[in-house]
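Enquirer: Taking the hints into account, I'd like the entire structure generated from these sequences.
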Amino acid sequence: MKTYIQLLLLFIIAQLVSCEDVVDVEVQNGPTRLVVEASINWEKGTSGNVQTIKLRSSTPFFNTASNPVTGATVVVINNANDETYNFVDQNNGEYRTTTFEPVLGQSYSLQIIHDGDVYSATETMTSVADITEVFQDTEDGFEDDVLEVHIAFTDPIEMGNNYLFRFQREGDLLPDLEVAEDEFVNGNAIDWWYEIEEDEDNNILPFAPGDIVAIEMFGISKDYYNYINILIEQLGGVGLFEATPVAVRGNCINETNPENYPFGYFRLTEVVRTSYTFVEE
46 MKTYIQLLLL FIIAQLVSCE DVVDVEVQNG PTRLVVEASI NWEKGTSGNV
96 QTIKLRSSTP FFNTASNPVT GATVVVINNA NDETYNFVDQ NNGEYRTTTF
146 EPVLGQSYSL QIIHDGDVYS ATETMTSVAD ITEVFQDTED GFEDDVLEVH
196 IAFTDPIEMG NNYLFRFQRE GDLLPDLEVA EDEFVNGNAI DWWYEIEEDE
246 DNNILPFAPG DIVAIEMFGI SKDYYNYINI LIEQLGGVGL FEATPVAVRG
296 NCINETNPEN YPFGYFRLTE VVRTSYTFVE E
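Just so it is clear: in the sequence shown, position 262 is 307 by our numbering, and no numbers are missing.
Bear in mind the hints are in silico, worked out from the structure with no lab data behind them. Hints may be right or wrong, so weigh each one.
[Unchecked claim] Computed spacing ranges between beta-carbons, pair by pair: (1) GLU184 / GLN135: 44 to 54 angstroms; (2) ASP217 / VAL179: 10 to 20 angstroms; (3) VAL293 / ASP236: 23 to 33 angstroms.
[To be verified] List time: in silico BS3-like cross-link candidates among lysine-lysine, alpha-carbon distance up to 27 angstroms: (4) LYS267 / LYS99; (5) LYS89 / LYS99; (6) LYS89 / LYS267.
Beta carbons are placed, not taken as given, at the ideal position from N, Cα and C, and that holds for glycine.
Expert: Written out as structure tokens, the structure is:
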């Protein structure tokens with residue numbers, strides 16, 4: 046009887062294993078589009094004359110290869126005086142100029158000619174406040190006794206200032222991005238803090254003494270704030286009750302064929318950069 050039961054269990058297990066089917070999920074690929082990385086960043090205290098714009102073509106979701114676009118014509122125009130800055134093809138997807146002249150509050154236009162299509166965008170060079178202090182603490186974060194870095198600055202008195210923060214700990218593969226607006230803090234001193242939450246599954250540890258974090262604070266337009274805020278939310282992943290990530294349209298358009306619109310954004314920002322090394326408390 047015992048032998049019969051054992052054989053019956055083996056038969057049931059074999060049937061369960063054999064019933065597992067491999068399901069191939071076909072992921073539909075959208076049309077290939079031009080991807081524009083046109084961030085004109087003017088670091089305070091520099092001339093800002095050297096600028097780079099990157100072009101590539103989009104790839105399928107599971108394809109990690111980069112497809113640089115070469116052979117395009119890329120120019121940026123100062124809309125006040127029609128001064129034109131030619132970005133020279135570096136034959137690797139990068140287009141560079143060494144003669145750019147940034148002017149705060151000035152409107153600029155981007156024009157790209159590629160594969161018979163004309164792409165364009167317009168944006169204004171946006172200023173940023175000065176960082177007055179960088180320090181560490183453990184009082185304001187989500188976790189007690191976890192180190193956080195603080196950035197102190199004073200928001201300008203005029204309404205409508207928007208900020209992009211970029212934090213990257215030395216040795217980490219990717220940076221973290223955060224955005225802020227001055228709707229409720231206009232004209233006030235601001236203490237912006239950032240911490241890293243522990244994630245054992247992905248081997249992510251909080252800040253520790255000796256860690257060095259690079260910090261960038263950009264002044265950005267309201268339109269770019271809205272754009273990058275959506276992207277940051279989508280970078281957080283898709284949970285059970287969250288919306289499925291979708292392609293986010295930037296400010297670049299295809300004048301020749303509007304349906305073949307590009308991805309990416311043309312932005313002009315002033316930026317302050319600093320770093321902080323954590324110490325034992």
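Enquirer: None of the hints should be skipped; say for each whether it holds.
Expert: Here is what the structure says about each hint:
At roughly 47 angstroms, the beta carbons of GLU184 and GLN135 sit within the given window of 44 to 54 angstroms. In this structure the hint that ASP217 and VAL179 lie 10 to 20 angstroms apart at CB holds, the actual value being about 18 angstroms. Between VAL293 and ASP236 the C-beta distance comes to about 30 angstroms, which sits within the given range of 23 to 33 angstroms. For a cut-off of 27 angstroms, the pair hint linking LYS267 to LYS99 stands: about 23 angstroms separates their Cα positions.
For a cut-off of 27 angstroms, the pair hint linking LYS89 to LYS99 stands: about 22 angstroms separates their Cα positions. A threshold of 27 angstroms between alpha carbons decides the hint, and for LYS89 with LYS267 the separation of about 21 angstroms falls inside it, so the pair holds.
When each numbered hint is compared with the structure, no violation occurs for any of them.
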